[in-house]
Amino acid sequence: MNAAPAPPPRRRRWRARVLAALAIAGAYPAFVLIAVYSQWFAAGLPGGRNGPADAYRHSLASAVVAYTASPVCVDWVTATMERGGEGNPSRAMDAHNNAIGARIGAAASTWTAMQREVRAAVDHGAIDARSPEQITWRAPETWQDRLY
Numbered sequence: 001m002n003a004a005p006a007p008p009p010r011r012r013r014w015r016a017r018v019l020a021a022l023a024i025a026g027a028y029p030a031f032v033l034i035a036v037y038s039q040w041f042a043a044g045l046p047g048g049r050n051g052p053a054d055a056y057r058h059s060l061a062s063a064v065v066a067y068t069a070s071p072v073c074v075d076w077v078t079a080t081m082e083r084g085g086e087g088n089p090s091r092a093m094d095a096h097n098n099a100i101g102a103r104i105g106a107a108a109s110t111w112t113a114m115q116r117e118v119r120a121a122v123d124h125g126a127i128d129a130r131s132p133e134q135i136t137w138r139a140p141e142t143w144q145d146r147l148y
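Using the numbering used here, the first residue of the sequence shown is number 1, and each one after it goes up by one.
Hints in this document: simulated from the structure, not taken from any laboratory. These figures come from a predicted structure and were not determined experimentally. All C-beta atoms in this analysis are idealised placements derived from N, C-alpha and C, irrespective of residue type, glycine included. A couple of the hints might just be wrong.
To be verified - Label-pair restraints from in silico Cβ distances:
| # | residue 1 | residue 2 | range |
| --- | --- | --- | --- |
| 1 | E86 | D123 | 26 to 32 Å |
| 2 | E141 | W14 | 51 to 57 Å |
| 3 | L147 | G87 | 38 to 44 Å |
| 4 | A4 | C73 | 40 to 46 Å |
| 5 | I24 | W111 | 18 to 24 Å |
| 6 | R17 | T68 | 20 to 26 Å |
| 7 | I24 | S131 | 24 to 30 Å |
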């Protein structure tokens, strides 16, 4: 009779668990990026940085996170990455659009409706919009053709 193989050393099991946890933790951000950039590239909006395309990317990413996870996650990311909108006009724009996207995502009844509502909000956006209900972007002279 063959004896059963010995269990892997404790260290190897710990390493496998950590790698599995990292893979799972990385899957959600990858999902969000794929969902956002697939729509973003197809949108053909100008101003990848500071313009309508930037506003679309931020509001759509926030809507996706709020729809699939929670608006609280959007608040945390905005506080961390955009410093709550403090420091410069670009951060303020991003934080403003994140909040609108989070509201759209949290209220959406379906994935398709969420995407449609974000695009409609961007289509009705404006330069330096101050209303918490309107997507905003900066003046065209500040726009940069970038992917982020």
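Consistency of the hints with the structure:
For E86 paired with D123, a C-beta distance near 28 Å keeps the hint of 26 to 32 Å intact. For the pair E141 and W14, the supplied restraint of 51 to 57 Å holds, since their beta-carbon distance comes to about 54 Å. At roughly 22 Å, the beta-carbon separation of L147 and G87 lies outside the given 38 to 44 Å, and the hint is violated. Separation of A4 from C73 is about 44 Å and conforms to the stated range, judged on CB atoms against 40 to 46 Å.
One distance hint, 18 to 24 Å for the beta-carbon pair I24 and W111, holds here, with the actual separation near 22 Å. Here the CB-CB span from R17 to T68 is close to 25 Å, well matched to the stated 20 to 26 Å. The given range of 24 to 30 Å is broken by I24 and S131, whose C-beta atoms sit roughly 39 Å from each other.
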